[in-house]
Amino acid sequence: MPSPHREPAGPPFRAQVSDIDLRLLRVFRTVVDCRGFAAAERELNIGRSTISTHMADLEGRLGIRLCERGPGGFAVTDRGQKVYEAIGRLMSALENFRSDVGAIHGLVVGELTIGLIDNTLTDPNSPVRRVISRVRAISDQVHFNIQMLSPDALERAVADGRLHVGIVARATDHPALRYRPLYRERNLIYCGRGHPLFDRPARDLGLDDITAANFVSLGYKEAFQGLARDLRFNGKATSYNMEGVAMLILTGDYIGFLPDHYAKAWEARGLLRPLLPETVDSMVEMAVVTRKDHRWTLAMRTFIDVLMEERAIP
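Numbered by my numbering, the letters in the sequence shown go through residues 635 to 948 in order.
Heads up, a few of these hints could be off.
Derived CB-CB ranges, DEER-like [said to hold, decoys possible]: (1) R682 with S784: 27 to 37 angstroms; (2) R723 with D843: 19 to 29 angstroms; (3) T664 with D843: 44 to 54 angstroms; (4) R770 with I947: 20 to 30 angstroms.
Treat the hints as calculated values from the structure; they're not laboratory data. Even glycine gets a Cβ: it sits at the ideal position worked out from N, Cα and C.
The whole structure should be built from the sequences, with the hints applied where relevant.
Here it is in structure tokens:
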């Protein structure tokens, strides 16, 4: 999200909140989420000039300059940031209302926002696909909103209410969140074809060879960072995205940790090789996170209940 941009005080607020068109608020929220008008065009399926008109209309209704846009780029103002946060609370309240009315009729309805970290789709231990299918079988009136985030961003989004549920590699627990273990992901050290260790017989490989090689670390997984410190890897590169780690390993210049399920396709093509898989591995606990004080909708409770039934860790 763009950093808030300071701006002078605008005209006084004269509109009643009930008079504000919710559609305009959703447009502004989408523009901020997309970090500008260009990307928001595709998300909203309307032209940039229409978005600009909507934004000007909303600013006039609120009496607030929400964002700066033009040749200098897009930037949310200080007060625009506060409006953005208020919109999130408003949309959450509306969704709770919709869910409550549905529950009165015995229906599981409403939007369910779920945060996931990247490159977990290929893990056979992940229950997410099965859970979504089961919830859909219970009710086809649940609208799933899936967002891919880094673990830190995911936990922040759950903590401030932008996500109902997150599934994350567990490291240091956030004080506002509750963690429930789901399954464990096995991570091994890999090298790519062309690396000096790629063709070396397993019997001739030792820990000294591993710690001497150029190592790429995944910046956000503290489980790896602890193991890396213990073994004193030769850190030469960092990525905060699993695909970035894989790309560097595939150059043949680095070694690094990858989930075994994620590396499997490249390994089958002879492009990656695990190094000392029986000696050096990392089991990362994947957990579902929810806010401790969050008011659960029926859709959220149904999803969590099914998820707990499908989890691999009791």
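Okay, the hints, checked on the actual structure:
no.: 1; hint: R682 with S784: 27 to 37 angstroms; verdict: 29 angstroms, holds
no.: 2; hint: R723 with D843: 19 to 29 angstroms; verdict: 54 angstroms, violated
no.: 3; hint: T664 with D843: 44 to 54 angstroms; verdict: 51 angstroms, holds
no.: 4; hint: R770 with I947: 20 to 30 angstroms; verdict: 24 angstroms, holds
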